[in-house]
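Chemist: These are the residues of each chain, in order.
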Amino acid sequence: MAVIRDVMPAFELFQPASVSDAQALLKRYGGEAWLLAGGLDSFDWLKDRIKRPAAVIDLSGIADLKGIKPWGDGGLEIGAMTTLTEIVRHPVVRERYSILLEAAESAASPQIRNQGTVGGNVTQDTRCWYYRAGWSCYRAGGNICYADTPQAINREHAILEADRCVAVNPSDTAPALIALDAQMVIRTGAGEQVIAAEDYFVGPGTDITRMTVLKPGSLLTSIRIPGTWAASAEGSGGAGRVQFYFEKIRDRNVWDFALVSVASAMATTGTTIDRIRLVVNGVAARPLRLAAVEDLVRGKPRNEATAVIAGNLAIEGAQPLTFNGYKVPLMRNLVKRAIRGVEDVDWTS
Amino acid sequence: MKLPVNLSVNGQAYEEEAEPRTLLVHFLRERLGLTGTHVGCVVGECGACSVMVDGALVKSCLMLAVQAHGCEVTTVEGLAQRGKLHPIQEAFVHNFAMQCGFCTPGFLMASHALLERTPNPTEEQIRQDLSSNLCMCTGYVQIVEAVKEAASRLGEWRKTHT
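If you read the protein sequences in the order shown, they are chains V and A. Each residue of the first sequence is one higher than the last, beginning at 161 in the numbering used here. Each residue of the second sequence is one higher than the last, beginning at 9 in the numbering used here.
So that you can see chain A by itself, here it is in the shape it has in the complex (with noise of 0.2 Å):
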């Protein structure tokens, strides 16, 4: 039996029904086409499918889609803006922050959580934040330069965005 999942997604609302046993972040890549969301090991341990439910960061392999029935979800795909990267998008361009970029998409929110609530951070919290999003290329070197980078960028951008 499927159940209602009405929700808003990156300021869209949809209206769709899931099986329970769905998880949501097969729902958002199959049944939205939002592909940017990455499954990973669907067990929780590489973060790359992290997406925002109502406004926290949350791993969508360890939420059932109808648990999102109104909700307010952010992906990845709803960072850019108006076909513009968003400034931790290009401070991940800038700072070659990937490789394969498998795990970007779960990167890229875990830093949008870090930054929305510490928009100044350490390297310390950038450390701590984005331990459970895992990267197998880059060595996390550059992650965490581009995420200071990001922080950087942001303070510009709000000046203008907000």
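Isolated chain V, as found in the complex (with noise of 0.2 Å):
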């Protein structure tokens, strides 16, 4: 399957000035127009010819995408094409928002990081190494998972919803922006649409060719995180204190996609958990939002005894492939983690 990078088919480049214009060529193109934000997910598609766009759109010359910006009520609306590095450098982020800041840096690298968007980073299709290979696997049209056969190599796969397909959501930042209960902002050809951060990725049960709700024709256009998950001190707007907690495990410490990470908001008056949001990534084709992990924790006390039963009720359903039972401890672990906070760590396998 080798092929030669360093020369890509040729394709028509469009470089729209506004959304406006981005859209009409989608409307053009349909399914033959090739959306790029910093390129890092696309040109690996291109060099490799398995993806070939007749047209290009280049959206990194519309300037209504890029920045960040006060959003509602204390929170903060990010274009898609900001960069991570700007997420990691901004004030407002690093004082309220954190959690996102710690996802961000924890992507690639810092060429990576400056040139890679956050839309891109949330709409990056998976890392899954047969299907990058160009197997025609059922993501891809076929009727196979070359990753789910007795000679596999799935060390990196899905745990869990796993439909036909086992790949996993590689992205860095989905898991914090769903924990702060962010909303995706889509401009389609029907007009703008608001969704959930949770809502915007999907399995394969419900779209086994595709890891986001986008449809061709459509795009993500900002993300707004609200100011209710913003960090504070106790006693501050009348709320408990809002900690969070991100922890991203790879196979080296930078420059890797993750096995498995955890991200949590959560709200605490003493030690009581008043509220919580807690998402994983690396387990399946999306970030999974723990919801009755934070239903059975919520009023409980932050403690070792809450985060037992929080990991054990998380894993709950895993089914391991051959090479990745690895991470059913992991994930259980990491949720223990984040409810209890990471003194005393006691890991158990």
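Note that these hints are calculated values from the structure, not bench results. Every residue gets a Cβ at the ideal spot worked out from N, C-alpha and C, and that includes glycine. Treat each hint with caution, since some may be false.
As the list claims (entries may be wrong) - When the alpha-carbon atoms are kept at most 30 Å apart in a straight line, the in silico DSBU-like pairs for lysine-lysine are as follows:
id: 1; chain 1: V; residue 1: K229; chain 2: V; residue 2: K375
id: 2; chain 1: V; residue 1: K187; chain 2: V; residue 2: K211
id: 3; chain 1: A; residue 1: K167; chain 2: A; residue 2: K156
id: 4; chain 1: V; residue 1: K187; chain 2: V; residue 2: K375
id: 5; chain 1: V; residue 1: K226; chain 2: A; residue 2: K167
id: 6; chain 1: V; residue 1: K460; chain 2: V; residue 2: K226
id: 7; chain 1: V; residue 1: K211; chain 2: A; residue 2: K10
id: 8; chain 1: V; residue 1: K229; chain 2: V; residue 2: K211
id: 9; chain 1: A; residue 1: K10; chain 2: V; residue 2: K187
What the hints assert, rightly or not - Which bits of chain A does chain V cover? Going by a derived footprint, with three or more residues having C-beta under 8 Å, they are:
id: 10; stretch: 81 to 95
id: 11; stretch: 101 to 112
id: 12; stretch: 136 to 146
id: 13; stretch: 159 to 167
Claimed, not checked - Derived DEER-like restraints, expressed as beta-carbon distance ranges:
id: 14; chain 1: V; residue 1: K211; chain 2: A; residue 2: K92; range: 45 to 51 Å
id: 15; chain 1: A; residue 1: G19; chain 2: V; residue 2: D359; range: 48 to 54 Å
id: 16; chain 1: V; residue 1: T429; chain 2: A; residue 2: S16; range: 35 to 41 Å
id: 17; chain 1: V; residue 1: D359; chain 2: A; residue 2: K10; range: 39 to 45 Å
id: 18; chain 1: V; residue 1: A356; chain 2: A; residue 2: V101; range: 53 to 59 Å
id: 19; chain 1: V; residue 1: G501; chain 2: A; residue 2: G91; range: 55 to 61 Å
id: 20; chain 1: A; residue 1: M9; chain 2: V; residue 2: D166; range: 17 to 23 Å
id: 21; chain 1: A; residue 1: P127; chain 2: V; residue 2: G459; range: 35 to 41 Å
id: 22; chain 1: A; residue 1: P127; chain 2: V; residue 2: Q479; range: 49 to 55 Å
Dock chain to chain to rebuild the complex, using the hints, since each chain is given by itself in its own frame.
Modeler: The structure is reproduced here in structure tokens:
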């Protein structure tokens, strides 16, 4: 399957200056159009000649899609073409949404964060190497999953919600954005649509060929983060103290995709958990919000006992493949850490 | 169809054109003859093609030449001034921070980007910031030492060059 990656096949390039111009191009080219954000995911596909779009629409010239501005009651609106570096360096993100800073900073490397956008980070395709190598698997429109056979190498694949396809979502910012209850602003042919971040991502049971709800003709324009989950000290705004937890486990400490990651936003009064949003990624084709675990721990003290029952509930129904069984205790322990905090960590397997 | 690529590279203005599919790294090497920027993996893994575009370190194999239209680019050729090596280059030489040298232009640019923002980095910061530049010869130890030395050389250098 070796290909010469130096020279991509020719394509027609469009560099629209406005969202409406981009939409007109999307309408004209339909399924033949390819949206180019930072290019990190896109160029892999094009260089490998696995995706051969006729028209590439480069969004980098659209000023409206860039930058971070205040939104609503103490929140932020982040343009889809804002780079991960801009997010990492933004003072309000640092002060109020440090979980997003941590997640963005954990992605890839300095060069990639300078080029990669938050819209691209949440919308990128899965890293399943059978799929990325161009095999005609379920996700690519075929009728087999090469990662789920007796000989398959599936160490990085799904333990939950697999449905024919066992690929996982690779995004680092996605779980943090879901924990912050972010909203995704999407422009479709029919107008603007705003959906919760957790509903932006789809599993194979919903649509086996897509990672997100975006269909040809649609694009993500911005991400809104409400003020409700901004980090705060106890008593401010009449609510409890809001704290975050983010951890990404990977084979190398830098420059690698997550094996499993966890993100949580938690409001506590004293030691009691008042409100919580808890998300894991790297275990299914979409980042999973663990609503049942949230329900279980709400009103309980933030301690070891709560963490243990939370971790055990989180992994209920997990179905490991041949080589990814380690993800089950890993996910359980990460959930425990998120619930209890990191003092006196007791890892079990 | 070719598109215009008017840009400044190392302070010199160029008015060129390129096919949309042409990567910035190929444009720099083949169109402008600036072969100091190396093509390693071509897929964003090795970092040998790292250059600065409008002040940000990027991998020039992950950018189209036409996307650099109107930008200011700095390549490894832009480091030395008037035939004299840049302090970062001197530090790399002094510390034997290369063997085959293929990755060196990328490491120099990544070190340059790091030291512009962080004049006195810790070893951990150096290792973090150079994490997506790969070297198959040195084992990185001399490179990290070189960047530490470059930081102190640059401190002296800035006193006389600013």
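Chemist: Now look at each hint and say whether the structure bears it out.
Modeler: To see whether the hints hold, each was checked on the structure:
Between K229 of chain V and K375 of chain V, the direct Cα distance comes to roughly 27 Å. Compliance with the 30 Å bound is thereby established for this hinted pair. Note on K187 of chain V and K211 of chain V: the hinted pairing holds, with a Cα-Cα distance of about 19 Å set against a maximum of 30 Å. As the CA atoms of K167 of chain A and K156 of chain A are separated by approximately 18 Å, the hinted pair is consistent with the 30 Å bound. Restraint check for K187 of chain V and K375 of chain V: the C-alpha separation of about 11 Å stays at or below 30 Å, so the hint holds.
In summary, the hint linking K226 of chain V to K167 of chain A is not supported, as the alpha carbons are separated by about 37 Å, beyond the 30 Å threshold. For the proposed pair K460 of chain V and K226 of chain V, the alpha carbon gap of about 41 Å is over 30 Å, so the pair is violated. Among the hinted pairs, K211 of chain V with K10 of chain A is consistent with the structure: their alpha-carbon atoms are about 22 Å apart, no more than 30 Å. A threshold of 30 Å between alpha carbons decides the hint, and for K229 of chain V with K211 of chain V the separation of about 35 Å lies outside it, so the pair is violated.
As the CA atoms of K10 of chain A and K187 of chain V are separated by approximately 24 Å, the hinted pair is consistent with the 30 Å bound. Using a Cβ-Cβ cut-off of 8 Å, 0 residues of the stretch 81 to 95 of chain A lie near chain V, which falls short of the minimum of three, so the contact claim is violated. For the stretch 101 to 112 of chain A, the stated coverage by chain V is not satisfied: 0 residues place a CB nearer than 8 Å to a CB of that chain, which falls below the threshold of 3. For the stretch 136 to 146 of chain A, the proposed coverage by chain V is satisfied: 4 residues have a C-beta within less than 8 Å of a C-beta in that chain, meeting the threshold of three.
Restraint check on the stretch 159 to 167 of chain A versus chain V: 0 residues with Cβ-Cβ distances below 8 Å, three needed, restraint violated. For the hinted restraint 45 to 51 Å between K211 of chain V and K92 of chain A, the CB-CB distance of approximately 47 Å keeps it satisfied. Hint check: G19 of chain A to D359 of chain V, Cβ distance near 49 Å, so the stated range 48 to 54 Å holds. Under the hint 35 to 41 Å, the C-beta atoms of T429 of chain V and S16 of chain A, about 57 Å apart, miss the expected range.
Take D359 of chain V and K10 of chain A: their Cβ atoms lie about 43 Å apart, and the range 39 to 45 Å holds. The given range of 53 to 59 Å is respected by A356 of chain V and V101 of chain A, whose C-beta atoms sit roughly 55 Å from each other. Between G501 of chain V and G91 of chain A the beta carbon distance is about 57 Å. The supplied range of 55 to 61 Å therefore holds. Separation of M9 of chain A from D166 of chain V is about 21 Å and conforms to the stated range, judged on CB atoms against 17 to 23 Å.
Take P127 of chain A and G459 of chain V: their Cβ atoms lie about 50 Å apart, and the range 35 to 41 Å is violated. Restraint check, P127 of chain A to Q479 of chain V: a C-beta distance of roughly 51 Å satisfies the suggested window 49 to 55 Å.
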